[in-house]
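Participant: First to last, the protein sequences are chains A and B. Residues 1 to 100 (the working numbering) are what the first sequence spells out, left to right. Residues 1 to 230 (the working numbering) are what the second sequence spells out, left to right.
What the hints contain is simulated information worked out from the structure, not anything from laboratory work. Take the hints with a grain of salt, since some may be wrong.
Stated by the list, open to error - The calculated lysine to aspartate or glutamate pairs, modelled on DMTMM-like cross-linking and capped at a C-alpha distance of 20 Å, are:
1) B:Lys59 with A:Glu71
2) B:Lys221 with B:Asp210
3) A:Lys98 with B:Glu40
4) B:Lys33 with B:Asp229
5) B:Lys59 with A:Glu33
6) A:Lys99 with B:Asp132
7) B:Lys59 with B:Asp210
8) B:Lys216 with B:Asp132
9) B:Lys221 with B:Asp132
10) B:Lys32 with B:Asp229
11) A:Lys98 with B:Asp132
12) B:Lys59 with A:Glu64
13) B:Lys59 with A:Glu69
14) A:Lys4 with B:Asp229
15) A:Lys99 with B:Asp210
Stated by the list, open to error - Derived CB-CB ranges, DEER-like:
16) A:Ala32 with B:Met28: 40 to 46 Å
17) B:Lys32 with A:Thr97: 26 to 32 Å
18) A:Cys19 with B:Tyr29: 51 to 57 Å
As the structure is a computational prediction, the values presented were derived from the model and not from experiment. For glycine and all other residues, C-beta sits at the position ideal for the given N, C-alpha and C.
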Amino acid sequence: MAYKYTLEILTVIAIGAFCALFLYTSATMNGAEFAGSDNVGSGLIGELSNTPLENFQPIIPQWEPPSTEIESCLFALQAAFGGILVGGVFGYWIGQTKKA
Amino acid sequence: MHIMEGFLPLHWCIVWWIVAIPCLILGMYQLKKVLATDREALPLLGVTGGFIFILSSLKLPSVTGSCSHPTGTGLSTISFGPWITAVVCAIVLLFQSMFLAHGGLSVLGANIVSMGVVGPVVGYMIYRLLRDTSVNIYITVFLVTAFADLFTYVMTSLELALAYPAETGGIGSSFILFMGIFAITQIPLAIVEGIVLALVFKYIVALKPDILIRLKIFSEKQINAARSDN
Chain A
1 MAYKYTLEIL TVIAIGAFCA LFLYTSATMN GAEFAGSDNV GSGLIGELSN TPLENFQPII
61 PQWEPPSTEI ESCLFALQAA FGGILVGGVF GYWIGQTKKA
Chain B
1 MHIMEGFLPL HWCIVWWIVA IPCLILGMYQ LKKVLATDRE ALPLLGVTGG FIFILSSLKL
61 PSVTGSCSHP TGTGLSTISF GPWITAVVCA IVLLFQSMFL AHGGLSVLGA NIVSMGVVGP
121 VVGYMIYRLL RDTSVNIYIT VFLVTAFADL FTYVMTSLEL ALAYPAETGG IGSSFILFMG
181 IFAITQIPLA IVEGIVLALV FKYIVALKPD ILIRLKIFSE KQINAARSDN
């Protein structure tokens, strides 16, 4: 029982430390754009292959969200789908436990 | 960790598809077998898969001044092994490549290998190493989750280094450069993901210990010991 909430406390500390680290980094790192590592990696590919990024064309044509707002909306949709799955199952399990 | 569409030469796309396809076939076979044996595994699959959907959609800032996302594959790896995890990851990555332009269909094989195969296989090896020891099950979940996340990005770095060796230093030098972008960014994210998913596992242990014992994820003794601490 002594360790009942250890994981909860550790989670709060970890998330707090993560936020503090971000605030420190953004305040001290001049020019940090916080772009996606995928894009930064693509930039390095361009450098290593001496090829301008616009020369990398899709091998299979790809639909792109017309704006960053729509992209954010679709990412939120993905997270929401996951959230519904997790919430639904935990609710089902809690219901089963209460019934038992 | 996504390699973007068009950024991997065609022959490397084919190589990684050849690696990914047998893993997916094995995963689908195992999934069918698990669900035929125990229907109660389906909700657990929903929860573990749900976390892959949630966590892989979160782009979080990191110490390197760039953003990256966790993978969320740890719980699925522990519960169902790496091959079923590869199937769930393939669904997530397919969604992201078709609707978000993150990744792409030609590079899907490479992205499945890093997020759905290599990360989970490394995590699963840690799980098998620690499962039958006296190590606390939440520490096991933390380590599996954190390393599955981190090695996803190590593998992405290797895939890119193999395709784009540096002029001086070759693949090794290129690997270090990509690791600097992908893997270093990922370290704080992997630690936080490990702690959060260990907490989620605690609630699964509290609510549904029987399924964890039936699927032989941990022994009854380990689950009961963990429940007595809750």
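Participant: All the hints need checking, so say for each whether the structure fits it.
Facilitator: Hint check:
1. A distance of roughly 12 Å separates the Cα atoms of lysine 59 of chain B and glutamate 71 of chain A; the hinted pair therefore holds under the 20 Å criterion.
2. With a C-alpha separation of about 12 Å, the suggested pairing of lysine 221 of chain B with aspartate 210 of chain B holds against the 20 Å cut-off.
3. A distance of roughly 17 Å separates the Cα atoms of lysine 98 of chain A and glutamate 40 of chain B; the hinted pair therefore holds under the 20 Å criterion.
4. For the proposed pair lysine 33 of chain B and aspartate 229 of chain B, the alpha carbon gap of about 33 Å is over 20 Å, so the pair is violated.
5. Annotation: proposed proximity of lysine 59 of chain B to glutamate 33 of chain A holds, straight-line Cα distance about 13 Å (limit 20 Å).
6. Restraint check: the Cα-Cα separation between lysine 99 of chain A and aspartate 132 of chain B comes to about 33 Å, which exceeds 20 Å; the hinted pair is violated.
7. At roughly 35 Å between alpha-carbon atoms, lysine 59 of chain B and aspartate 210 of chain B are farther apart than 20 Å, so this suggested pair is violated.
8. The suggested pairing of lysine 216 of chain B with aspartate 132 of chain B holds, with an alpha-carbon distance near 11 Å, which does not exceed 20 Å.
9. With a C-alpha separation of about 11 Å, the suggested pair lysine 221 of chain B and aspartate 132 of chain B falls inside the 20 Å cut-off, and the hint holds.
10. Distance check on the hinted pair: lysine 32 of chain B and aspartate 229 of chain B sit about 35 Å apart at the alpha-carbon level, beyond 20 Å; violated.
11. For a cut-off of 20 Å, the pair hint linking lysine 98 of chain A to aspartate 132 of chain B is broken: about 32 Å separates their Cα positions.
12. For the hint pairing lysine 59 of chain B with glutamate 64 of chain A, the CA-to-CA distance comes to about 18 Å; that is within 20 Å, so the pair holds.
13. At most 20 Å may separate the alpha-carbon atoms for a hinted pair to count; lysine 59 of chain B and glutamate 69 of chain A meet this at roughly 15 Å.
14. The suggested pairing of lysine 4 of chain A with aspartate 229 of chain B holds, with an alpha-carbon distance near 6 Å, which does not exceed 20 Å.
15. Restraint check for lysine 99 of chain A and aspartate 210 of chain B: satisfied, since their Cα atoms lie roughly 16 Å apart, inside the 20 Å limit.
16. Here the CB-CB span from alanine 32 of chain A to methionine 28 of chain B is close to 42 Å, well matched to the stated 40 to 46 Å.
17. Between lysine 32 of chain B and threonine 97 of chain A the C-beta distance comes to about 29 Å, which sits within the given range of 26 to 32 Å.
18. Range check, cysteine 19 of chain A to tyrosine 29 of chain B: about 43 Å between beta-carbon atoms, so the 51 to 57 Å window is missed.
The structure fails hints 4, 6, 7, 10, 11 and 18 (numbered hints given earlier, in ascending order).
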